[in-house]
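Novice: Sequence:
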Amino acid sequence: EFEQSVGSVGGPLEKQKAAALLARCQRVPDQPSALALGLEESRRIKSRQKIVFGTGDTMKAITLTANVNFVRAAQDQGVHFAVFTHPS
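Using our numbering, the first residue of the sequence shown is number 24, and each one after it goes up by one.
FYI, nobody ran anything at the bench for these hints, they're computed from the structure. One should not assume that every hint holds.
[To be verified] Pair by pair, the computed Cβ-Cβ distance ranges are:
1) L44 <-> N92: 19 to 27 Å
2) Q100 <-> A43: 31 to 39 Å
3) T108 <-> E63: 32 to 40 Å
4) D99 <-> L36: 33 to 41 Å
5) P35 <-> R67: 33 to 41 Å
Cβ atoms here follow ideal geometry from the backbone N, Cα and C, with glycine treated the same way.
Please model the entire structure based on the sequences and the hints provided.
Specialist: Have a look at this one:
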(Lines of atoms letter the chains of each structure in order from A; the text may use other names.)
(Lines give C-alpha, C1' and ligand atoms only; values in the text may rest on other atoms or scores of the structure.)
Protein backbone atom coordinates (compact mmCIF):
# COMPACT_ATOMS: atom_id res chain seq x y z
CA GLU A 24 0.00 0.00 0.00
CA PHE A 25 2.84 2.37 0.84
CA GLU A 26 4.54 1.78 -2.49
CA GLN A 27 1.29 2.31 -4.38
CA SER A 28 0.65 5.59 -2.58
CA VAL A 29 4.14 6.93 -3.20
CA GLY A 30 4.04 5.75 -6.81
CA SER A 31 0.79 7.54 -7.55
CA VAL A 32 1.17 10.82 -5.65
CA GLY A 33 4.88 11.11 -4.80
CA GLY A 34 7.25 13.35 -6.65
CA PRO A 35 10.71 12.23 -7.81
CA LEU A 36 12.40 13.11 -4.50
CA GLU A 37 9.68 11.39 -2.46
CA LYS A 38 10.03 8.27 -4.60
CA GLN A 39 13.79 8.31 -4.08
CA LYS A 40 13.40 8.68 -0.30
CA ALA A 41 10.77 5.94 -0.20
CA ALA A 42 13.08 3.58 -2.08
CA ALA A 43 15.89 4.30 0.39
CA LEU A 44 13.56 3.65 3.32
CA LEU A 45 12.23 0.39 1.87
CA ALA A 46 15.77 -0.83 1.26
CA ARG A 47 16.24 -0.71 5.04
CA CYS A 48 12.97 -2.49 5.85
CA GLN A 49 12.15 -6.16 6.09
CA ARG A 50 8.79 -7.41 4.85
CA VAL A 51 7.03 -9.93 7.03
CA PRO A 52 4.08 -12.19 6.28
CA ASP A 53 0.67 -11.31 7.67
CA GLN A 54 0.29 -12.89 11.10
CA PRO A 55 -2.47 -11.05 12.96
CA SER A 56 -2.91 -11.70 16.66
CA ALA A 57 -6.02 -13.36 18.05
CA LEU A 58 -6.68 -10.10 19.87
CA ALA A 59 -6.86 -8.18 16.58
CA LEU A 60 -8.90 -10.84 14.81
CA GLY A 61 -11.39 -10.71 17.66
CA LEU A 62 -12.25 -7.08 16.99
CA GLU A 63 -15.78 -6.55 15.72
CA GLU A 64 -15.65 -4.97 12.26
CA SER A 65 -17.35 -1.63 11.83
CA ARG A 66 -17.17 1.59 9.88
CA ARG A 67 -13.83 2.32 11.58
CA ILE A 68 -12.48 -1.24 11.86
CA LYS A 69 -11.87 -3.08 8.60
CA SER A 70 -10.36 -6.51 7.92
CA ARG A 71 -7.13 -5.14 6.39
CA GLN A 72 -6.50 -2.89 9.40
CA LYS A 73 -6.96 -5.84 11.74
CA ILE A 74 -4.28 -7.70 9.78
CA VAL A 75 -1.82 -4.79 9.79
CA PHE A 76 -2.19 -3.83 13.45
CA GLY A 77 -2.55 -7.46 14.50
CA THR A 78 0.71 -8.42 12.78
CA GLY A 79 2.45 -5.63 14.68
CA ASP A 80 0.87 -6.97 17.86
CA THR A 81 2.11 -10.51 17.15
CA MET A 82 5.62 -9.19 16.48
CA LYS A 83 5.57 -6.90 19.54
CA ALA A 84 6.30 -4.00 17.18
CA ILE A 85 5.17 -0.40 17.35
CA THR A 86 2.92 0.45 14.41
CA LEU A 87 3.39 3.90 12.87
CA THR A 88 0.02 5.21 11.73
CA ALA A 89 -2.13 8.23 10.97
CA ASN A 90 -5.23 6.07 11.40
CA VAL A 91 -6.33 7.33 14.80
CA ASN A 92 -9.92 6.32 14.03
CA PHE A 93 -8.94 2.64 14.02
CA VAL A 94 -6.81 3.01 17.14
CA ARG A 95 -9.67 4.68 19.04
CA ALA A 96 -12.25 2.19 17.80
CA ALA A 97 -10.05 -0.70 18.95
CA GLN A 98 -9.60 1.00 22.33
CA ASP A 99 -13.38 1.34 22.56
CA GLN A 100 -13.50 -2.47 22.30
CA GLY A 101 -10.83 -2.80 25.00
CA VAL A 102 -7.92 -3.53 22.65
CA HIS A 103 -4.81 -1.38 22.93
CA PHE A 104 -2.12 -1.64 20.26
CA ALA A 105 1.43 -0.28 20.55
CA VAL A 106 1.23 2.62 18.11
CA PHE A 107 2.93 5.89 17.28
CA THR A 108 0.46 8.22 15.63
CA HIS A 109 1.37 11.03 13.28
CA PRO A 110 -0.70 13.62 11.44
CA SER A 111 -1.81 12.64 7.94
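Novice: Does 33 to 41 Å hold as the CB distance between D99 and L36, or does it fail?
Specialist: holds (39 Å)
Novice: CB of P35 to CB of R67, is that within 33 to 41 Å?
Specialist: The hint (33 to 41 Å, Cβ to Cβ) holds, given that P35 and R67 are roughly 35 Å apart.
Novice: Just tell me: holds or violated, for the beta carbon distance of T108 and E63 against 32 to 40 Å?
Specialist: With Cβ atoms ~22 Å apart, the hint is violated.
Novice: Using the beta carbons of L44 and N92, state whether their distance is inside 19 to 27 Å or not.
Specialist: Since the Cβ atoms of L44 and N92 sit about 25 Å apart, the hinted range of 19 to 27 Å holds.
Novice: Indicate whether the distance between the beta carbons of Q100 and A43 respects the range 31 to 39 Å.
Specialist: holds (37 Å)
In this structure, only the earlier hint numbered 3 is contradicted, and the remaining ones agree with it.
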